[in-house]
Amino acid sequence: MFIRNLSSSDPQPPGDGLSGLEGVPLPFVLERHLEAAVAGAGGSPEWRHRKSAEAHDILALSRLAPNRIRVDQLDLSENLRVVINMRAPVPTRRHGSDELVIATEVLFGLQYRREALLTPQPGASFVQILAPSGIFLPQVPANPPSCLCLAPVLPPGIRCKELLLLTYYALTMQTFQIDVGDPHGVFNGEAASWWQENAKRIPLTREPFLQRRSAPKEDGS
Amino acid sequence: MSLIATEHPRGFQEILSDPEASRSQSPSPRARMPSFLSLPDSVDATSILSRLRVAFLGVGAVGRNACVHLARLGVKALWICDRSQYKAESQLTQPIDPDEIGLPKATAVGSLAKRLSPTTRVYVYDGAFESLGAMAFADADIVLLATDNIRAELECGQHCLHLGVPLVQASVHGGTLTAQIRFRGHAASGSCCTSCGLTRQEKIALTSEVRFSCDGSTARTTTRPTQSTSHLCAIAGDMAVNQVLRYALGLGKSVVDQEVEWNGFSLQTRITRLERKPQCTADHTVWRRCYTEGPVADCTLRDVARAAGMHDDGRLERAAFRVGETCYVQRGECREWHGQAVERFIGIGESAGSCSRCGDTLQPGPFFTHHTAPSQLIVTQLDRPIRELCTEPPDWVLVSVNGEAVLFRTASARGPMKRRPGRCSLGT
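In order, the protein sequences belong to chains Z and G.
Heads up: the first sequence is residues 658 to 878, going by this note's numbering.
Heads up: the second sequence is residues 14 to 441, going by this note's numbering.
Hint data in this document are derived by calculation from the structure and do not stem from the laboratory.
Owing to the predicted nature of the structure, the values given are computational and were not obtained by experimental measurement.
Here are the simulated lysine-lysine pairs, DSSO-like style, with alpha carbons at most 27 Å apart:
| hint | chain 1 | residue 1 | chain 2 | residue 2 |
| --- | --- | --- | --- | --- |
| 1 | Z | K818 | G | K290 |
| 2 | G | K216 | G | K290 |
| 3 | G | K216 | Z | K818 |
| 4 | G | K266 | G | K290 |
| 5 | G | K266 | G | K89 |
Anything over 10 Å on all C-beta distances counts as not near chain G; from chain Z, calculated:
| hint | residue |
| --- | --- |
| 6 | P684 |
| 7 | D714 |
| 8 | S754 |
All residues carry an ideal CB built from backbone N, CA and C; glycine is no exception.
Chain Z extracted, bound-state conformation (with noise of 0.2 Å):
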């Protein structure tokens, strides 16, 4: 299922946040592909139900900010699995080369397990970057398959939304981990000491997620 956000209203974030999101209402072609998802979705009925919020959620965040994310693909007929591209300045390095190259846009495959519900998951084990190849990032390994790592380990019952923040700061260096001494570890060791050198240019960007016009001026500023 490829589906494109063709809402052309930008609305503002909900006052309470993230949390409000399953108050957000979709535009009608959105709303369709979440029906049309849902109507697929396989587990038992509380599995589906929560499959369903979380669906939500994503395509109310891809509302909210349609320039910084996309969902290009969304299955919910056993776990939760959703593609999306996300706009954001990503570091990469082509094999043998140098050079650090950012990428304006990457694409990732977000997979939601039943069993993240109930017990910690390995905070590599949600996400995996589609395109492009070559991630220079310390909780990206040098070799495929471009597992992004979010955190040594991730609660239980964590929410999607949640994990598409952990991805967008991840990916932008907002959070990092470059230290290859931390008993955490990391991925890719090489980028690792290549950013401890080069931490003056951490973070890639200081945009957050969302970005919240500010309310007019009485006078009309």
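Here the structure of chain Z is known, so what remains is to put chain G in place on it, guided by the hints.
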């Protein structure tokens, strides 16, 4: 006495009697078996117990006592799983000999149980429960849980609930002199589970005590040792055996889905009904169990779905399959980033194949790896024998549709005595 261990499927090792020791006469439990109140004369308690098969997760301060009691009752089989070894401090809470310090708990307790009851089949595993797989305790009639490891508790509870195997959880709270036994029947999806009983503090501890390896394949859990006295641990173990005995022999009122709490200050016992929490996040599906005449790996997934009644009326399109302890790998990549379809069920540590372009090993991507494969993903493989879809032929397959699930196992994997899910077949 020396004991001989032999390999057994699913990671367990069987403890065998020393031939010399087996020549010496071991008394029959019948010699001291009382005539239980409310048990009809026609019912032979010793005979029933000699067919009982019990699994243990954790044989420390609480579990060891219970395990030894059950060996003295002459049960048919004991599965014992414990990843830890005796430390010097273990002597403070459990009745061990100082010579046992340094020994793995499961083997030590299993050896003792075998010496006490040579007719009991004893299987031990000195590792983490999580590495045993979903069918570790599938042949047990009842599971006794006495571990401090919350993650293992949850995993064991989830497996038992799926298999419809009753679970008895024994625990203590030293500071308040409290021993607690929770008996979960797991008869139906409405039954309470281990996760239903988890407190907020336990949920927080669950995350803080787990550390994963970089590839996420192994988890190390650091748990706090039992802060209690040996007498309280012994009381909890004894109470657990009491509940097992009452359940197996049908003594008195039902003990199913009940918590019994004994307090050492008030010397009072309180009984509370255990109920499923509506907001519980565990999967409460109880699997229906079936057995195949030949190896299950010879069947096709379509056969399995048809036999489960999940083939017609559009149900197959919504079905999903689990094939033993494997994952369905849709796609993998080699070190040269050549992406390639794998489309096979791969077990832990098994190769996903080689890249057709460069010959390098394919690494499965987590986004393309499915513990349960939806039928839409494997449409072209539904009519192939399951063994052709895997490296090693599995001995079980699960098919599920919308919260209903049927487990198929190879008949030879079935033990000599089976209970119907949710019911005890040990009685008359």
